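Undergrad: Sequence:
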Amino acid sequence: MSQTVRTRFAPSPTGHLHIGNARTAILNWIIARHAGGQFILRVEDTDQERSTQESEASILKDLQWLGLDWDEGPDTGGNAGPYRQSERMDLYKSHLDQLIESEKVYPCYCTAEELEERRSEQLAKGEATQYNGHCRNLSYVDKQKYEAEGREPAFRFKADTESVTFEDLIRGAVTVPGDQLGDFIIARAGGMPMYNFACVIDDHLMEITQVVRGDDHVSNTPRQILIYQAFGWTPPQFAHIPMILGPDRQRLSKRHGATSVDQYREQGYLSDALVNFLSLLSWSSESGDEILTRERLISEFNFSRLSKSAAVFDTEKLDWMNGMYIRNLDVAELSRLLFPILKDRGYSIDSAKELEPITGLIQEKIERLSDANEKVAVFFKEDVNLNDPEARDVLSLSTSKQVFQSFLDVTDELSELNRETFMPLMKAVQQSSGIKGKELWMPVRVALTGQLHGPDLAGTVEWFGLEKCRKRVTQALEFSK
RNA sequence: GGCGCAUUCGUCUAGUGGUCUAGGACGCCGGCCUCUCACGCCGGUAGCACGGGUUCGACUCCCGUAUGCGCUACCA
Numbered sequence: 000m001s002q003t004v005r006t007r008f009a010p011s012p013t014g015h016l017h018i019g020n021a022r023t024a025i026l027n028w029i030i031a032r033h034a035g036g037q038f039i040l041r042v043e044d045t046d047q048e049r050s051t052q053e054s055e056a057s058i059l060k061d062l063q064w065l066g067l068d069w070d071e072g073p074d075t076g077g078n079a080g081p082y083r084q085s086e087r088m089d090l091y092k093s094h095l096d097q098l099i100e101s102e103k104v105y106p107c108y109c110t111a112e113e114l115e116e117r118r119s120e121q122l123a124k125g126e127a128t129q130y131n132g133h134c135r136n137l138s139y140v141d142k143q144k145y146e147a148e149g150r151e152p153a154f155r156f157k158a159d160t161e162s163v164t165f166e167d168l169i170r171g172a173v174t175v176p177g178d179q180l181g182d183f184i185i186a187r188a189g190g191m192p193m194y195n196f197a198c199v200i201d202d203h204l205m206e207i208t209q210v211v212r213g214d215d216h217v218s219n220t221p222r223q224i225l226i227y228q229a230f231g232w233t234p235p236q237f238a239h240i241p242m243i244l245g246p247d248r249q250r251l252s253k254r255h256g257a258t259s260v261d262q263y264r265e266q267g268y269l270s271d272a273l274v275n276f277l278s279l280l281s282w283s284s285e286s287g288d289e290i291l292t293r294e295r296l297i298s299e300f301n302f303s304r305l306s307k308s309a310a311v312f313d314t315e316k317l318d319w320m321n322g323m324y325i326r327n328l329d330v331a332e333l334s335r336l337l338f339p340i341l342k343d344r345g346y347s348i349d350s351a352k353e354l355e356p357i358t359g360l361i362q363e364k365i366e367r368l369s370d371a372n373e374k375v376a377v378f379f380k381e382d383v384n385l386n387d388p389e390a391r392d393v394l395s396l397s398t399s400k401q402v403f404q405s406f407l408d409v410t411d412e413l414s415e416l417n418r419e420t421f422m423p424l425m426k427a428v429q430q431s432s433g434i435k436g437k438e439l440w441m442p443v444r445v446a447l448t449g450q451l452h453g454p455d456l457a458g459t460v461e462w463f464g465l466e467k468c469r470k471r472v473t474q475a476l477e478f479s480k
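0 is the number of the first residue of the first sequence in numbering that gives the first Met the number 0; add one for each residue after it.
FYI, nobody ran anything at the bench for these hints, they're computed from the structure. Hints may contain errors.
[Claimed, not checked] FRET-style restraints, in silico, Cβ to Cβ:
hint	residue 1	residue 2	range
1	114	76	37 to 45 Å
2	75	49	20 to 28 Å
3	436	391	16 to 24 Å
4	342	190	45 to 53 Å
5	190	114	16 to 24 Å
6	170	75	30 to 38 Å
7	49	148	28 to 36 Å
8	437	56	49 to 57 Å
9	266	63	37 to 45 Å
Predicted, not measured: the structure shown is a model, and the values here were computed from it. We treat Cβ as the ideally placed atom computed from N, Cα and C, and that holds for glycine.
Kindly generate the complete structure, drawing on both the sequences and the hints.
TA: Below you can see the structure in the form of structure tokens.
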């Protein structure tokens, strides 16, 4: 039986899209595209306490930004819908009834307090902490009694098994002894399904062929397999991908700084770079190449090249990669991306087009789009500050004064200053002053920008124009006296 | 505590018993290019967690230890 590959990403809308979840989504998307199958988006909002509409919207937005298009989902629909668990309650209910009917599941009237009490007892005695089966064989009378007390039961799954073994696509055979499982709850009091239950129903009904998720779910998988068996269903294949860790090798969290996709977007990372970088955590191309287009990511994917161990999220390498992507953009495209950011910062520019000359000058100097905010400042400052100690050192050289004087003489009859006329101009200054190299260029740079470091002078000069350049050199000459 | 999983340079990784005096990338250091910074290019630095086996031969296979992570919820 060969069926088309169907993978899914199933976020719970309880916050922003986490970088680890994004990686899971990317992988699922790549696998589906690689196989020419379908990628499904399912919203797991059974935790009513924590799920919000805003979170769902923001997660969808981030996935779109990442360029992960899904074939079926809450907004796009599909044949296996609805794609929001809160809208699938009748499905869970009918399936729960089936299991109650077949006595695979029983009502449990224990309260949270009673459960907690037993738990701490087990812990104190050094036993495995799991449900003791208190309500497993309740008589009709007992049940009536609890009901009369107003207790509403949750539903527990009878976990009777020696052990469960499954073949993980990444880690091979994983075995969990049955006595570790304990009877677990699959539906809360009130009927709201628990993760392990809803997940199985949905994955089966949605005909998911490969469940690819974080390896924090490895221990859940045996429980889910038991549920598949209870229904007589064939489980999908499972692949548990390694976690992403912070620099301290702890699970990546807020403490480590930015952890959500929207934060990276705001900091000026490109989605292509982020997708590329995240793909390379625990996976590598056989070619050894690291800068990979989405097309290559998709065509070269292979489960056997996925590693089993957790990976530390290295921001420095991400920065480098993002810089690579920025440098590979054409100037018009980069300007288009930079425009709203700089505009927002208060720079007076009216269009991306207008920004292009500057973009070309800073493109190789930024790693994140937001870096442009600083780099671009020199082009918009009304006045230069010549008081910087290092600037003063340059200005106070006797050769600098000669350069300035010569510069003013040579430009006196010039009608236009642009990057083409700048080189010949500097040549002329060199000849008339007899000064060359650093002694020639640095004073000009400092006079024009007030800084020792900066973008290409020819381009800078063109942006400033003749008048401003002459004015600043005059000022510098005055200042250096 | 119990169970599961993992362990190659600081970090991401290649490596599936001999081709490994362990390869690449980021970072770092040095050099070249150059008016500066940056880019680019060249070179360098640094690693198989530990202990037992198996084998003619282990980074590669097995066992143990250590360390880390995960699960052990009416969270997902």
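Undergrad: Against the range 49 to 57 Å, how does the distance between the Cβ atoms of residue 437 and residue 56 compare: consistent or not?
TA: holds (56 Å)
Undergrad: Range hint 16 to 24 Å: satisfied by the CB atoms of residue 190 and residue 114?
TA: For residue 190 and residue 114 the Cβ distance comes to about 19 Å; the hint holds.
Undergrad: Between residue 49 and residue 148, does the beta-carbon spacing fit 28 to 36 Å?
TA: holds (29 Å)
Undergrad: Cβ-Cβ distance between residue 436 and residue 391: within 16 to 24 Å?
TA: holds (20 Å)
Undergrad: Between the beta carbons of residue 266 and residue 63, is the distance compatible with 37 to 45 Å?
TA: Because 18 Å falls outside the window, the suggested range is violated.
Undergrad: Is 45 to 53 Å respected by the C-beta to C-beta distance linking residue 342 and residue 190?
TA: holds (52 Å)
Undergrad: Could you check the hint for me, namely that residue 114 and residue 76 are 37 to 45 Å apart, CB to CB?
TA: Since the Cβ atoms of residue 114 and residue 76 sit about 40 Å apart, the hinted range of 37 to 45 Å holds.
Undergrad: Honestly, do residue 170 and residue 75 meet the 30 to 38 Å range at C-beta?
TA: holds (33 Å)
Undergrad: Do the beta carbons of residue 75 and residue 49 sit within 20 to 28 Å of each other?
TA: holds (25 Å)
Comparing the model with each numbered hint stated earlier shows that hint 9 is the single one that does not hold.
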